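K.L.:
Residue strings, one per chain:
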Amino acid sequence: MDSFTAIILAIFLPFAAAIFIPLLEKFLKHRIGWFAAGIAFLSFALIGIVAPEIIHGHIIQHSIEWMPSIGAEFSIYADGLAMMIGFIASGIGVIIISYSNGYMSHKEDLPRYYQYLLLFMGSMIGMVFAGNTLQLFIFWELTSITSFMLIGYWRGKPASIYGATKSLLLTAGGGLFMLAGFILLHTITGSYDIATILQNPAIIENIKAHPFFLITLILILIGAAAKSAQGPFYIWLPNAMEAPTPVSAFLHSATMVKAGIYLVARVHPIFSGTEAWFILVSGIGIFTMLLAGFLAFRQTDIKAILAYSTISQLAYMMTMYGYTSYHEPGLGVAAATFHLLNHATFKACLFLVAGIVAHEAATRDIRKLGGLRKDMPITFIIASIAALAMAGIPPLNGFLSKEMFYETSVEMGHIIGGPFTFLIPAAAVLGGVFTFAYSIKLIDGIFLGEKHHDHLPEHIHEPPYTMLIPAAFLAGLVILFGLVPSIPIHNIIEPTTAGIILEEVHLHVKLWHGLTPAFFMTLITFIAGLGIYTRYDKIAAWQDRFNARYPRISVNYYYDRIVDGAKGSAKGFANFTQPGNVKTYIYAILLLMVILFAIPAFMMATQVFPANLNFDIPLYEALIMTLMVSAAIAAATLHRYLAAVIALSTVGYLVSLVFIYLKAPDLALTQVLVETLSTIIFLLVIAKIPQTFKEKIPKTTLARDIVISSAVAATVLVLLLNATQGIVSPFESLSYYFLENSVPLAGGHNIVNVILVDFRGYDTLGEISVLCLAALGVYNLIHSRGEGE
Amino acid sequence: MNNTILSITIALIFGIGTFLMLRRDIVKVIIGLSLISHAVNLLIVSTGVFDGEKAPIISNGHHDSSSGIIFTDKLSDGIFAPIVPSGMEVHFVDPLVQALVLTAIVISLATTAFILILAYRIHEEYGTTDIRKLRRLRG
Numbered sequence: 001m002d003s004f005t006a007i008i009l010a011i012f013l014p015f016a017a018a019i020f021i022p023l024l025e026k027f028l029k030h031r032i033g034w035f036a037a038g039i040a041f042l043s044f045a046l047i048g049i050v051a052p053e054i055i056h057g058h059i060i061q062h063s064i065e066w067m068p069s070i071g072a073e074f075s076i077y078a079d080g081l082a083m084m085i086g087f088i089a090s091g092i093g094v095i096i097i098s099y100s101n102g103y104m105s106h107k108e109d110l111p112r113y114y115q116y117l118l119l120f121m122g123s124m125i126g127m128v129f130a131g132n133t134l135q136l137f138i139f140w141e142l143t144s145i146t147s148f149m150l151i152g153y154w155r156g157k158p159a160s161i162y163g164a165t166k167s168l169l170l171t172a173g174g175g176l177f178m179l180a181g182f183i184l185l186h187t188i189t190g191s192y193d194i195a196t197i198l199q200n201p202a203i204i205e206n207i208k209a210h211p212f213f214l215i216t217l218i219l220i221l222i223g224a225a226a227k228s229a230q231g232p233f234y235i236w237l238p239n240a241m242e243a244p245t246p247v248s249a250f251l252h253s254a255t256m257v258k259a260g261i262y263l264v265a266r267v268h269p270i271f272s273g274t275e276a277w278f279i280l281v282s283g284i285g286i287f288t289m290l291l292a293g294f295l296a297f298r299q300t301d302i303k304a305i306l307a308y309s310t311i312s313q314l315a316y317m318m319t320m321y322g323y324t325s326y327h328e329p330g331l332g333v334a335a336a337t338f339h340l341l342n343h344a345t346f347k348a349c350l351f352l353v354a355g356i357v358a359h360e361a362a363t364r365d366i367r368k369l370g371g372l373r374k375d376m377p378i379t380f381i382i383a384s385i386a387a388l389a390m391a392g393i394p395p396l397n398g399f400l401s402k403e404m405f406y407e408t409s410v411e412m413g414h415i416i417g418g419p420f421t422f423l424i425p426a427a428a429v430l431g432g433v434f435t436f437a438y439s440i441k442l443i444d445g446i447f448l449g450e451k452h453h454d455h456l457p458e459h460i461h462e463p464p465y466t467m468l469i470p471a472a473f474l475a476g477l478v479i480l481f482g483l484v485p486s487i488p489i490h491n492i493i494e495p496t497t498a499g500i501i502l503e504e505v506h507l508h509v510k511l512w513h514g515l516t517p518a519f520f521m522t523l524i525t526f527i528a529g530l531g532i533y534t535r536y537d538k539i540a541a542w543q544d545r546f547n548a549r550y551p552r553i554s555v556n557y558y559y560d561r562i563v564d565g566a567k568g569s570a571k572g573f574a575n576f577t578q579p580g581n582v583k584t585y586i587y588a589i590l591l592l593m594v595i596l597f598a599i600p601a602f603m604m605a606t607q608v609f610p611a612n613l614n615f616d617i618p619l620y621e622a623l624i625m626t627l628m629v630s631a632a633i634a635a636a637t638l639h640r641y642l643a644a645v646i647a648l649s650t651v652g653y654l655v656s657l658v659f660i661y662l663k664a665p666d667l668a669l670t671q672v673l674v675e676t677l678s679t680i681i682f683l684l685v686i687a688k689i690p691q692t693f694k695e696k697i698p699k700t701t702l703a704r705d706i707v708i709s710s711a712v713a714a715t716v717l718v719l720l721l722n723a724t725q726g727i728v729s730p731f732e733s734l735s736y737y738f739l740e741n742s743v744p745l746a747g748g749h750n751i752v753n754v755i756l757v758d759f760r761g762y763d764t765l766g767e768i769s770v771l772c773l774a775a776l777g778v779y780n781l782i783h784s785r786g787e788g789e
Numbered sequence: 001m002n003n004t005i006l007s008i009t010i011a012l013i014f015g016i017g018t019f020l021m022l023r024r025d026i027v028k029v030i031i032g033l034s035l036i037s038h039a040v041n042l043l044i045v046s047t048g049v050f051d052g053e054k055a056p057i058i059s060n061g062h063h064d065s066s067s068g069i070i071f072t073d074k075l076s077d078g079i080f081a082p083i084v085p086s087g088m089e090v091h092f093v094d095p096l097v098q099a100l101v102l103t104a105i106v107i108s109l110a111t112t113a114f115i116l117i118l119a120y121r122i123h124e125e126y127g128t129t130d131i132r133k134l135r136r137l138r139g
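Going down the list, the protein sequences come from chains Y and U.
Under my numbering, the first sequence has 316 at position 316, and the numbering climbs by one with no breaks.
Under my numbering, the second sequence has 37 at position 37, and the numbering climbs by one with no breaks.
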């Protein structure tokens, strides 16, 4: 199997499997989750096949024609970055789906759950391997949609619906900004192809010099920030916690929220090294890191703490990708990439622990939890490993990447100089202090201290192995990456960094670097973190008071205002256009018809009433016309149904006479037959409908209706007078064809018949179908009674 | 086919049908719709793209006819079997519009029957044929 096929399979296998899940569920029942896990493992293995090639520095590029008209190809661009996130998406996928087998109750709608998970996974893998920006956009939005489905998995809960809608509006909406950015990029470079842009220094130079540079960068960053819950867009992630916990672990900590980070890394070679890049990317990053880390204190739901922590950790990566200068393009990139990988391990693990705790103790409220270390010692150990890694305690993997973060902060501070020499490292340390404090809170609040017996079940025990093993596996990775960093560094981080900065890199990551500034910053972090932890509850209480006092200082407040306003105006508009009164609709249709026909007709003033009007017709024809109009008036004015229907059928029969006069014998015949039939149906029906009321038309309504009817009649008249003037058609009528070919091609002399049964035979087939459907409809309507009565 | 009186007639029937369609009683609305469909059928046929004097039927030549004319503008000239000797230089009316309208006539029968039954069912379910009262039943 060549590399291209392997990657295509890794992307589309989950999609294909998702289609068959409902079918397989019939045979596998609740074991369907293991099938899904198997598919995830296959995708993982398929990426594994191509990994050695990528690790050796080769970028796999291949494309097939897709939309040639707009110059878009379906192409694969597989470098270290794509490989790493592909590995995370499929690898964590295997772990999460396996865990779900224990977590999800068998009574839940399992096929839907696993379908969405697989669809998400395929979209995520498709996104990271996308070789052109349009393709990247499509898979990007697919991940948003599947995330929406998964957050709203419990359809009955209003909170789920709120969270799902919020995430869709922000992430998919942000995606549209990103698309606009890609289109601008296309106008600058003339290409949607990622490889063409990335591998061509001349094009990148051109972009950096282009007047659209800044706006393109901002548009793309809006997309990235919305997806990764950065800046003001952070608000969707806490509400996304309404999803089942494995989903939160998978999408909302390890993979989907990394898409924005991935995008930043992907466009890094294009935009980085500029002032705008540093200010925007690091600016958003530092702001979000401090804000979210601080806001985590207030949360009482352990999943909410994890959500704010995720936002803050993603902001670390954002910040570090922003730390790029002309001298050292690799500055920060390796640190961010390593942290991305580490975060995927320890945060997913913490979410799985949160799921276990909620599953066994039936609450996620940190105020009610406590003292679980004796009841579930294994979970306690796993949770401690993951939380301490997040806090940055050696020798776990979080320590290493945080150390790298501190180092790059110090260096970046030096490069900029001035007050920033201290400010940038200080911001990094402050972020670290917050992280340290809430990480300790998680361990302390759930597992240490006294057990609150009044809130918790008496017997809490370890979860089933299907839930414990995935979490333990992740904790194992946390330790492994911490003790032997060379494994991830050489196999994943170096090729990824090379993919981002387009240069070979060699990193030396060790647990002990000596007495470097970073070491002292870590020491400060631990001491200050412990100090703040003693004030943890006071800070949380202060935040609560602040929030109660200034409800308007909140992004959510404005989000809700805007969404409610939009809903209100949509409702107003719908009520205006859809008042529910049939007559209003008819008025609208008629008036539009009058306007569409009459205005152009009156604009061509000379032709409105043609000169050669022909009133010269024989008396008996005039008589037929007069009779017809009289019968129509009778049908309109006679009150009783029977009389009105008789008048109507009089009109119908007279129409058949007019058809004869118009030299249409077939029509005349048909009209007579149809009129007879429809009169019979009319009579049958009105015999069953007693006349219950007589409409008293108010004078104003009468006047209005007469004016409208007259306007319609006048429009028809003008139309008809002009149409029968023998206006020369700009194109030749089809009729000549039928006249000439009726006998030679169809052997029929009656041209109308030939058209109906031969030239336009399918129309007649359609007509027969309409008759059959109407007959079926009538039959069913008559027989449908009884349910309501 | 320039006939002003016919055009006025069609327009009047259309207008009356429109007026009926604006009524509250469903049965009246259906009668209005039927009138409108008559008017539309006539309208289409009378706007054939070319004028002629003959019905669009080509004779197979077996019939003996001295005049060769079946239909004229004047009904008093009589309605005969549609025979036009083949090979004769004749001017037909537009056959295409007739074919279209023939389909339309049949389909309007189907729709009329369907709406009538709908009206019947509405009466059965709600005991009224007043559109306004039905509206109050909403929500």
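None of these hints come from the bench; they were simulated from the model.
Heads up, some of the hints might be wrong.
Claimed, not checked - Which residues of chain U face chain Y? A few of them, derived with a C-beta cut under 7 Å, are:
#1 S7
#2 L20
#3 D25
#4 V27
#5 L33
#6 S34
#7 S37
#8 V45
#9 P95
#10 A104
#11 I107
#12 A110
#13 H123
#14 Y126
This one's a predicted model, so the numbers in the text were calculated from it and none came from an experiment.
All C-beta atoms in this analysis are idealised placements derived from N, C-alpha and C, irrespective of residue type, glycine included.
K.L.:
Mind checking the CB of L33/U against every CB in chain Y and telling me if the closest is under 7 Å?
P.N.:
Violated, because the Cβ-Cβ distance from L33/U to chain Y comes to roughly 10 Å (cut-off 7 Å).
K.L.:
Quick one, is the A110/U hint okay against chain Y at 7 Å, beta carbons?
P.N.:
A110/U check passes; min Cβ-Cβ to chain Y is 4 Å, inside 7 Å.
K.L.:
Identify whether the interface hint at H123/U stands, where standing means a beta carbon of chain Y within less than 7 Å of its own.
P.N.:
It holds, given that the least Cβ distance between H123/U and chain Y is near 5 Å, below 7 Å.
K.L.:
Would the hint on V45/U stand, with a C-beta cut-off of 7 Å toward chain Y?
P.N.:
Holds, about 5 Å.
K.L.:
Holds or violated: S7/U as interface residue toward chain Y, Cβ cutoff 7 Å?
P.N.:
holds (4 Å)
K.L.:
Was the hint right that Y126/U lines chain Y, CB cutoff 7 Å?
P.N.:
With a closest approach of 10 Å, the Y126/U hint is violated.
K.L.:
Would you check whether S34/U satisfies its interface hint, that is, whether its CB is within less than 7 Å of any CB in chain Y?
P.N.:
Interface hint status for S34/U: holds (6 Å vs cutoff 7 Å).
K.L.:
Against chain Y, with CB atoms and a cut of 7 Å, does the hint on I107/U hold up?
P.N.:
At 5 Å from the nearest chain Y Cβ, I107/U passes the 7 Å test, so the hint holds.
K.L.:
Holds or violated: is there a CB of chain Y closer than 7 Å to the CB of D25/U?
P.N.:
For D25/U, the interface hint holds, since the closest Cβ of chain Y sits about 6 Å away, which is under 7 Å.
K.L.:
Does the nearest C-beta of chain Y fall within a distance shorter than 7 Å of the C-beta of S37/U?
P.N.:
Cβ of S37/U sits 10 Å from chain Y, so the hint is violated.
K.L.:
Closer than 7 Å between Cβ atoms is the bar; does L20/U clear it against chain Y? Give me holds or violated.
P.N.:
OK, holds: L20/U within 7 Å of chain Y, min 5 Å.
K.L.:
Take the shortest C-beta to C-beta distance between A104/U and chain Y; is it under 7 Å?
P.N.:
For A104/U, the interface hint is violated, since the closest Cβ of chain Y sits about 9 Å away, which is over 7 Å.
The structure fails hints 5, 7, 10, 14 (numbered hints given earlier, in ascending order).
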